[in-house]
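Student: We have chain A already, so just place chain B on it with the hints.
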Amino acid sequence: MVEQQVVIQNRLGLHARACSVFVKEAAKYASHITLAREELEVNGKSILGVMMLAAERGAELIVRAEGADETQALAALVQVVNNKFGEE
Amino acid sequence: MTTLTGIAASPGIGIGPVHVVDAQEVAVHDGQIAPEAVPGEQARFRDAIAACREDVRELREKIALETGEEHARILDTQIAILEDPDAMDQTQASIAREGRGAAFCYRRILSDVAARLEESDDEYYRVRALDIRDVKRRVLHRLGGTESRSLRDLKMPSLIVASDLPPSEMATAPREKILGFLTDLGGRTSHTAIMARARGIPAVVGLKSAMSAAREGAIALVDGTRGIAIFDPDPDTLEEHRRKQRRYEEISAQRGALRGQRCVTKDGLAIHLAANLEVPEELPGIQEHGADGIGLYRTEFFYLSRHTLPTEEAQFHAYRSVVEAMSPQPVVIRTLDVGGDKFASYLGTPVERNPFLGVRGIRFSLKREDIFRTQLRAILRAAAFGNVRVMFPMVIGLEDFRRARDIVEEVHGDLRMEGVPTPEHVPLGVMIETPASVFAIDLLAREADFVSIGTNDLIQYTLAVDRGNEAIAEMYEPLHPAVLRAIRAVVEAGQRHGIRVGICGEMAGEPLYVVLLVGLGLVDFSVSPYLVPEIKTILHSCDSNEAAVLVKECLALGTPSEVRAVVTEFMHRRFPEHFLA
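In order, the protein sequence lines correspond to chains A and B. Residue numbers for the first sequence follow the numbering used here, beginning at 1 and rising by one. Residue numbers for the second sequence follow the numbering used here, beginning at 1001 and rising by one.
Okay, chain A solo, but in the shape it has when bound (with noise of 0.2 Å):
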């Protein structure tokens, strides 16, 4: 299992658009993957899941990937926050 730590940086937080690019992204892996605030932990293929985490701007999140692809997933993933979503 591979985790890292992201924050969000995008100007509206992990709103509804930013969560489906990330379920997307998360969804092209076979991992099994986590995105955790806190306690809360979710399932980072699903968007209800992750729209749950109301993760704003600045928020502190933990992405983790566990399975044969988790190391490009982890990556693919913290760059998808890191670019912002693909939005700004």
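Simulated from the structure, these hints should not be mistaken for laboratory data. Heads up, none of these hints are tricks.
Derived Cβ-Cβ restraints for the label pairs, each shown as a range:
1. Arg1097/B - Val7/A: 35 to 41 Å
2. Ala27/A - Arg1097/B: 24 to 30 Å
3. Leu40/A - Thr1003/B: 40 to 46 Å
4. Gln5/A - Ser1327/B: 32 to 38 Å
5. Lys28/A - Gly1358/B: 51 to 57 Å
6. Asp1055/B - Gly86/A: 25 to 31 Å
7. Ala27/A - Gly1358/B: 50 to 56 Å
8. Lys1062/B - Ala27/A: 20 to 26 Å
9. Val7/A - Gly1348/B: 23 to 29 Å
10. Gln5/A - Glu1098/B: 36 to 42 Å
11. Gln5/A - Val1264/B: 54 to 60 Å
12. Ser1327/B - Glu3/A: 38 to 44 Å
13. Ala1464/B - Gly86/A: 49 to 55 Å
Example chain B residues on the side facing chain A (calculated, C-beta under 7 Å, incomplete):
14. Val1113
15. Tyr1125
16. Arg1128
17. Thr1311
18. Glu1313
19. Ala1314
20. His1317
Restricting the straight-line Cα-Cα distance to at most 30 Å, the calculated cross-link-like pairs of lysine-lysine (DSSO-like) are:
21. Lys84/A - Lys1062/B
22. Lys1062/B - Lys24/A
23. Lys1342/B - Lys1367/B
24. Lys1552/B - Lys1266/B
The beta-carbon is built from N, C-alpha and C at its ideal position, and this holds for glycine as well.
Tutor: Quick look at chain B alone, frame taken from chain A:
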């Protein structure tokens, strides 16, 4: 006739019969199913989800073609919800474990998530709950085999009234059959607001009681520029709005040409015509309507649309993007103005017997210096990227102003020590909205770099009239001689001390009053972005000498109704195309 005030979400005027959209919950059978029926029910569920996904994809294509990819993306959320693996797995597991129908199990899962999001203080998340309910309704209809009633089936052009409208409904509504949207819920950033603006349909949201005021088929009107809805209007009101509608359409047609033109009166007096900004989403509208900068950037949005304090970083980025986009034009940022009728529980604003005379505006900031300093750091950092001025609300005299100014200087000093780039000098101003600040204007004008008259509160405090109180609402009169004298006193003090005097609030943006305000000596306006073109066309054909003559006449009159009669007669005579045509 019932008049409701809400949030002006999309400009323009719509008049016509009401169509009430009642988004009823779909009836769901909650009985048990036989164990041998479980695999069939699971398959039926997967098929329903697949079919709905296809429907939403088609809808997305349609929107992409008609209003652009940017708006089509609104539906990506719904597609992702339909593809959500957790919701799929949990529903199928529940069908097997509990022996209940797919509709029952799916509804429960989505309702739980929607309910949790609705609890959020953040408007963005509350809006998402609507997406979830929209998906739920679609899937349940599919499972129940009934086709949902939709705006596509509208027989005649109508004003749509709803508690809130799901994006799929907004998108399928045929443009020529929709005269306007009136919703009880929602804010400026709700789907209804965004889609209505994109499609050029007038809309007012957040009306609270439109559903109870509306009768199916009865005539109503929506003024999306001013945020007003009127049900069962009387003939005069109807006529007035038909005229406003024609005028709005004419001015919209000239908007492109007007945007590039300076705002100057016929005799060459330059007027600074800026816009108010309430939420960051309004920025494109401000640029499109050709405003000269932002005369009132309300910052409450950052604090009231969430459940924790906004960080310095979050505020800095938000201010910076606006300041940069408007540069070199000025952006007047008003520091947090909570209290009165604006609260957030996490801010710890106290329960007060008389909140409008309580911890409001700068009083709150001076009590919660931690919050104030964070905001000032963000503003001063953003000031390095353009032309920023800072304004304090609810100041009653030099003491508040000096305390606020001292804190700004300390924060500015800290930033310099840290090596953070900030401008040499950031002008500090006072919002004139209390009678005390009018009486003490000569003192304030000596030390403040500028002032701006906030008419909404100044009128309410000067006349001691709560305009939300229906019993005395008609006493709330911007043309009251006391209000005109207050404005004149502030303008004269500004001229004596050589500082700018601006005006913001609804009075500033009302076309009927604009000549009078110019006559009172105001040359610095901040109005709703959508009103900029209309005010500009009036000012282009107005002469500052006739404005001065009008003011002289009005100041000699004794009652608000006499002033109103003179101003109305003057404006009708001089600008019949705006007020009578």
